[in-house]
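Engineer: Single-letter residue listing:
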Amino acid sequence: MVPISYYLILSGILFACGVIGFLIKRNIITIFMSIELMLNGVNLSFVAFAAQWGHLSGQIFVFFVMVVAAAETAVGLAIIIAVFRTRETLNVDQVNLLKL
Amino acid sequence: MLHLVLFLVFAAICVAGAVNLLVQKHPISSALSLVVVMASLAVEYLLLGAEFVAAVQVIVYAGAVMVLFVFVIMLLNAGEEETTKGSRVALVLGVPGALAGGLLVAWVLIRHSGDTALSLGALPGYPKTIGWLLFHEFLLPFEVTSILVLIAILGAVFLAAKPETPPAPTGRKG
Amino acid sequence: MTPSLHLWLIPALPLLGAAINGFFGRRFSRQAVSGVALTFAGAAFLMALYVAARFSSLELPYTEFLAHWIRSGSGPHMFVAEFEFYLDQLTLVMLLVVTGVGFLIHIYSVGYMWEEGGFYRFFAYLNLFMFFMLTLVLAGNYLQMFIGWEGVGLASYLLIGFWFTKDSAASAGKKAFIVNRIGDFGFLIALFLLIKHFGSLNFGQVFTSISQKPGESTGFGLLTSIGLLLMVGAAGKSAQIPLYVWLPDAMEGPTPVSALIHAATMVTAGVYMVARSHVIFDRAPNALTVVAIIGTLTALFAATIGIAQTDIKKVLAYSTVSQLGYMFMACGVAAYSAGIFHLMTHAFFKGLLFLGAGSVIHAVGGEQDMRKMGGLRQYIPITFITMSVATFAIAGIWPFAGFFSKDEILARAYQANPAYWFIGVTTAFITSFYMFRLWYMTFWGDYRGRDSAGHGHADPHGHQGHGDPHESPMVMLVPLMILAVLSFTGGWVGIGGRFEHFLAPVFGEGASTGATEALSHGTEIILVTISLSAAVLGWILAYQLYLKRPELPQKIADMLGGLYQAVVHKYYIDEIYATLFVKPLVDGSTRILWHGVDQGVIDAAVNDAADGARHVSDAARHMQSGNLRSYAGWVAAGGAVVIAYMIWMGVR
Amino acid sequence: MSSLQVFILASVIKIVLVIFILLTAVAYTVWLERKVVGHMQNRWGPSRVGPFGLLQPLADGIKFLVKEDLTPPHVYKPLFIAAPMIAVICALTSISVIPFGTAIVVRGYTIPLQITDLNVGLLVILGITSVGVYGVALAGWSSNSKYSLLGGLRASAQMVSYEICLGLSLVGVLIVSGSFSLREIVESQSGHFWGFIPKWNIFYGCQFVAFFIYLMAAYAETNRIPFDLPEAETELVAGYHTEYSAMKFAMFFMAEYANMITVACLATLLFLGGWSGPVFGPPLLQVILPTFWFVAKIFVFLFIYIWVRGTLPRFRYDQLMAFGWKFLFPLAIANLVITALVVAYRS
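Protein chains in written order, with my numbering: chain A, 1 to 100; chain S, 1 to 174; chain X, 1 to 652; chain Y, 1 to 347.
Just so you know, the hints here were simulated from the structure itself, not pulled from any lab data. From a predicted model like this one, the values you see are computed outputs, not experimental measurements. A virtual CB, placed ideally from N, CA and C, is assigned to each residue, including glycine. Watch out, some of these pointers could steer you wrong.
To be verified - Straight-line distance between alpha carbons at most 25 Å, and here's what the computed DSS-like set of lysine-lysine pairs gives: (1) Y:Lys199 <-> S:Lys128; (2) X:Lys372 <-> X:Lys166; (3) Y:Lys63 <-> Y:Lys35; (4) Y:Lys77 <-> Y:Lys146; (5) Y:Lys326 <-> S:Lys162; (6) X:Lys213 <-> X:Lys372; (7) X:Lys174 <-> X:Lys583; (8) S:Lys25 <-> Y:Lys146; (9) Y:Lys77 <-> Y:Lys63; (10) X:Lys174 <-> X:Lys196; (11) Y:Lys77 <-> S:Lys25; (12) Y:Lys77 <-> Y:Lys67; (13) S:Lys162 <-> Y:Lys199; (14) X:Lys166 <-> X:Lys583; (15) X:Lys555 <-> X:Lys372.
To be verified - Okay, the calculated beta carbon distance ranges per label pair: (16) A:Met1 <-> X:Met646: 38 to 46 Å; (17) S:Gly131 <-> Y:Tyr109: 42 to 50 Å; (18) A:Met1 <-> Y:Val171: 51 to 59 Å; (19) X:Asp618 <-> A:Met1: 56 to 64 Å; (20) Y:Arg43 <-> S:Phe135: 51 to 59 Å; (21) Y:Pro283 <-> S:Ile147: 24 to 32 Å; (22) X:Ser4 <-> S:Ile147: 36 to 44 Å; (23) X:Ala620 <-> S:Ile147: 51 to 59 Å; (24) X:Ala620 <-> Y:Pro73: 35 to 43 Å; (25) S:Val19 <-> Y:Arg314: 23 to 31 Å.
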């Protein structure tokens with residue numbers, strides 16, 4: 001028997017790691033992976049809550065999150081490729097045409 | 001007991017993977033750490049009984065999404081991350097802040113979730129039941145998602161397509 | 001059940017003509033354009049004749065439903081306005097006058113406008129005017145009448161400004177339109193009051209419900225206010241004090257337009273409307289008194305201005321205003337049929353006068369100043385003869401048409417209040433004077449046009465280089481002759497009260513005929529004699545001043561000094577209006593609305609908002625470092641704030 | 001013994017047995033391939049080591065084990081070592097949910113001939129196979145050689161693409177049988193149509209189309225001719241495992257053949273009725289016969305593999321991608337839709 005809070009703490013840690021990675025990483029691909037990490041953390045809490053409430057909708061939501069994440073990945077990676085083509089770099093600090 | 005042990009082991013792997021993602025300098029290592037996180041999360045799902053979700057997690061996330069990441073890293077031949085000292089502030093303020101925030105959120109969720117203990121395979125998510133729900137209760141979101149995926153495919157194809165090279169000048173002016 | 005008369009065809013035909021000429025006329029030859037216009041105007045006239053022929057077999061008032069228009073609300077408060085046509089004796093008279101005179105003027109225009117640019121445009125407008133005027137006349141409810149009312153205003157605007165490249169024409173058009181709006185404002189409010197209190201605008205329903213109410217003999221009640229507001233509308237459309245100022249300026253339009261719109265038909269719409277609404281006025285004697293006073297004053301006032309005018313069309317314009325005043329005077333003393341009678345005869349002789357004036361202008365090559373005319377009777381004999389008939393008619397010489405109708409009005413005015421009568425007779429004298437003045441100055445004496453050097457001014461229809469005055473073509477003369485016959489004989493329908501009897505079902509038996517009988521035969525003869533002698537007196541005076549001793553008017557003018565100047569300058573009414581209304585309005589608009597509101601508030605708000613946005617952005621743009629991760633940091637911080645808030649709320 | 005102890009004991013025995021058999025099978029599949037292709041090319045193939053060269057795989061194994069384990073410089077070492085392991089582990093793991101026959105009864109305990117029976121067994125196999133891509137991709141990348149990198153890129157792109165067709169071709173079968181459990185899928189195929197045609201999924205409606213798609217996708221997934229572009233010797237100098245030698249190379253080799261066997265098992269289970277077949281004779285034979293049928297079908301499938309290898313030339317890379325996305329993928333979707341309609345109509 002595992003208390004649900006354990007799952008939630010794990011979920012929180014994963015999410016926090018995602019946020020940190022999003023903030024400190026410079027490689028645009030890694031940043032993108034951090035987002036995936038956050039999504040995964042959220043997914044875990046969905047599944048845990050589904051188990052708690054005894055309703056499968058939580059698991060269904062995980063599917064939707066996955067689909068959205070997959071779509072996001074496809075588009076995001078395409079954007080990364082396009083950025084790399086024009087800027088020849090993956091470092092987000094150098095993708096800074098939009099500054100004042 | 002078995003449940004708790006398994007949970008702790010894979011949670012440890014999970015957190016280790018997540019931290020490794022942050023620590024590693026090379027994106028491919030980060031990607032592999034993420035694969036580890038996802039695989040161990042799949043096990044956590046299995047422990048909760050969500051076997052279909054676990055399988056899909058492996059197939060979609062580990063098998064497709066992360067392969068795409070690896071593929072792109074390889075394609076772009078991404079090197080090691082450059083580290084600069086420019087972002088001290090983010091490191092000093094951001095990391096503890098984010099960590100604290102995450103823990104706070106978890107704490108609140110715990111407070112409001114009661115102290116339900118989950119047994120092994122608490123809520124079996126059989127493919128049949130999930131499919132039934134998906135095609136009855138969640139039919140509209142499902143279809144909307146399909147449109148989203150279609151749009152994403154088109155967008156990805158358009159974005160990643162090589163820019164058309166302008167036709168070579170034929171030499172005739174005017 | 002009477003079979004359908006297809007009344008809708010009467011306005012629809014000219015509309016079709018207007019559409020054809022308006023849309024395709026540019027590519028048509030002049031013959032084709034005039035053919036189209038005359039065909040449709042003539043067809044409307046034939047329809048009107050057909051209606052007149054069928055008239056005795058009709059069950060009156062005859063209404064014809066065309067289409068649903070407005071159906072608003074439900075239950076007892078439902079407001080309904082339909083496209084429907086209403087035919088009674090009054091309508092028939094108006095119908096015949098409008099289509100008949102209109103058709104004649106169409107014919108005349110073909111000759112008059114032949115060499116003008118925009119020929120097709122002119123006839124499209126003219127047909128459009130016919131459509132709206134017939135809609136107004138045939139309307140089965142006030143709203144439909146209002147459509148016609150506004151429509152004729154539009155057509156009038158378009159036609160006054162026909163030579164829109166000429167500044168004065170364009171501004172005259174605007175003036176007419178704007179002054180009319182003031183009147184329409186009153187009309188509209190009257191309509192709103194009718195809707196509010198009677199729930200309908202349908203003539204039948206409104207009049208039925210009003211006739212059940214007692215009259216408002218004293219005080220200022222609902223019907224009085226409606227009546228007064230209607231009178232405001234009528235004053236605007238029919239050029240009564242204080243809204244008459246647009247009509248003289250409207251003479252900038254082509255002369256056939258002046259004849260058709262600003263003499264024979266449109267300006268009488270106010271009279272028609274008052275007559276049509278007689279049920280309201282009958283129960284609001286105070287409003288009726290106002291109508292009478294306004295009519296009487298306008299008649300005298302305009303006539304005095306007419307004395308000193310030298311522009312042939314201006315004289316006729318003021319004469320029109322004056323004659324319209326007569327009609328309102330008639331209405332004001334509840335002699336509606338007398339008013340309508342005068343309306344009809346006036347349509348004949350005033351139409352004729354304008355057409356004749358047009359012919360004169362045509363003959364002398366665009367000159368409108370009477371001082372440069374004279375002796376034209378030998379050059380243009382037919383015009384001279386027809387104009388003479390019209391002059392006698394308007395002066396009220398027996399047995400011309402004007403005599404009968406004017407006499408009728410004066411008799412009824414005397415009955416109501418001798419003061420009206422006295423002013424009326426005075427006006428008749430002045431009218432006779434200035435009309436014969438016009439007659440003598442134009443047709444008698446020697447031709448003064450040849451030796452005038454500065455004759456190049458405003459030449460509205462481009463007759464270049466004229467030699468001797470020449471007679472107009474037959475296409476212009478035939479309408480003149482027909483109208484002359486009508487001006488001569490038109491009054492005979494009123495002999496023995498026949499016209500009144502014809503209209504009696506509309507205006508009620510007792511209100512009109514009963515009163516006339518009260519007047520003793522002797523009194524009637526005396527009144528007739530007085531008015532006739534007033535007319536003759538005016539004639540003699542004009543003969544003395546303008547034929548026998550042409551130097552005398554100048555002396556008299558010098559003698560009168562300021563008074564004469566005031567008359568020449570139309571009592572400075574335009575200037576007073578400019579100072580009182582136009583200038584404050586323009587200044588106020590400039591200072592308050594333009595500089596104050598538009599620039600100070602609206603523009604300033606926009607500019608200041610933009611400036612503010614720029615300053616804020618100036619400060620805020622430092623957040624946009626171009627560093628993606630700092631953006632991410634902001635996102636995270638925002639998320640943290642939201643979550644913190646939720647937690648805080650949740651924990652409490 | 002409690003049932004848990006029996007379960008653990010039986011599982012351990014089964015795992016050891018299966019891995020042993022699998023590795024042997026891998027070795028002898030290699031031998032078989034060399035032999036068959038040799039005969040197809042009118043030569044003998046391995047024939048010196050043992051009778052008919054039957055000991056050749058053993059000799060090869062010893063060679064791989066004792067050879068110097070060379071790690072070239074400039075490779076990214078952790079991944080260079082991990083890659084073959086990932087490949088072989090995934091290949092060997094996926095066999096764990098494959099049932100080899102009906103359950104046997106030993107001392108009153110029913111022991112299924114399967115390491116574990118999961119509700120989502122098929123999905124597990126798909127998942128593990130998809131993870132197997134990492135082995136190839138990482139090997140190509142970590143070798144730090146352009147040939148390897150190209151091979152790795154090709155492998156990952158190809159496998160991800162064909163995985164979709166593979167999955168879609170299976171969905172038709174899933175619709176027909178209504179389960180993800182491999183055992184249930186096989187059981188749904190017992191019986192006959194009209195008394196004589198085995199009620200295998202390949203004979204059900206248009207599932208032969210699905211079988212064809214599965215076959216193509218399986219060749220691509222296992223990087224076999226005609227889709228062996230990631231390791232095309234002639235252009236990429238063996239592609240992703242150019243830099244590998246000795247045991248690490250052997251791991252890739254084993255992984256490839258183990259994957260072939262897994263794919264063959266899956267095809268047998270899903271399309272060819274698994275272990276179903278005529279069962280007769282004494283009880284012992286009745287126990288053995290289903291497994292025999294199962295192995296026989298796998299053998300046929302493997303033989304086709306080798307046959308194709310000996311017959312067809314290699315595709316060009318763009319042809320491969322076009323074939324996958326523009327032909328197989330629409331075909332798979334069409335098959336899926338038609339199957340769904342047929343099933344919906346029949347129910």
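Engineer: Can you confirm whether the C-alpha distance between Lys77 of chain Y and Lys63 of chain Y stays at or below 25 Å?
Structural biologist: Within the cut-off at roughly 23 Å; holds.
Engineer: Would the pair Lys77 of chain Y and Lys25 of chain S pass a check requiring their Cα atoms to be no farther apart than 25 Å?
Structural biologist: Holds, at roughly 15 Å.
Engineer: For Lys77 of chain Y and Lys146 of chain Y, compute the direct alpha-carbon distance and say whether it is at most 25 Å.
Structural biologist: Holds: Lys77 of chain Y and Lys146 of chain Y sit about 16 Å apart, inside 25 Å.
Engineer: With 51 to 59 Å as the target window, see if Ala620 of chain X and Ile147 of chain S comply at their CB atoms.
Structural biologist: violated (36 Å)
Engineer: Could you tell me whether the CB distance from Val19 of chain S to Arg314 of chain Y stays inside 23 to 31 Å?
Structural biologist: 44 Å Cβ-Cβ, so the 23 to 31 Å window is violated.
Engineer: Would you check the hint for Lys372 of chain X and Lys166 of chain X, treating anything up to 25 Å between C-alpha atoms as holding?
Structural biologist: holds (23 Å)
Engineer: Between the beta carbons of Gly131 of chain S and Tyr109 of chain Y, is the distance compatible with 42 to 50 Å?
Structural biologist: violated (34 Å)
Engineer: Hinted pair, alpha-carbon criterion (25 Å max): Lys162 of chain S, Lys199 of chain Y. Please report holds or violated.
Structural biologist: violated (49 Å)
Engineer: Taking 51 to 59 Å as the hint, is the beta-carbon distance of Arg43 of chain Y and Phe135 of chain S inside that range?
Structural biologist: Holds, since Arg43 of chain Y and Phe135 of chain S (Cβ atoms, about 57 Å apart) stay within the stated range.
Engineer: For the pair supplied as a hint, Lys174 of chain X and Lys583 of chain X, confirm whether the alpha-carbon distance does not exceed 25 Å.
Structural biologist: Given pair Lys174 of chain X, Lys583 of chain X holds - Cα atoms ~16 Å apart, limit 25 Å.
Engineer: Quickly compare the C-alpha distance for Lys199 of chain Y and Lys128 of chain S to 25 Å and report which way the hint goes.
Structural biologist: This hinted pair holds, its Cα atoms lying about 24 Å apart.
Engineer: Next pair to validate is Lys213 of chain X with Lys372 of chain X; report whether the Cα-Cα distance is within 25 Å.
Structural biologist: Status violated; Cα separation ~59 Å.
In the structure shown, a violation is registered for the earlier hints numbered 6, 10, 13, 16, 17, 18, 21, 22, 23, 24 and 25, in ascending order.
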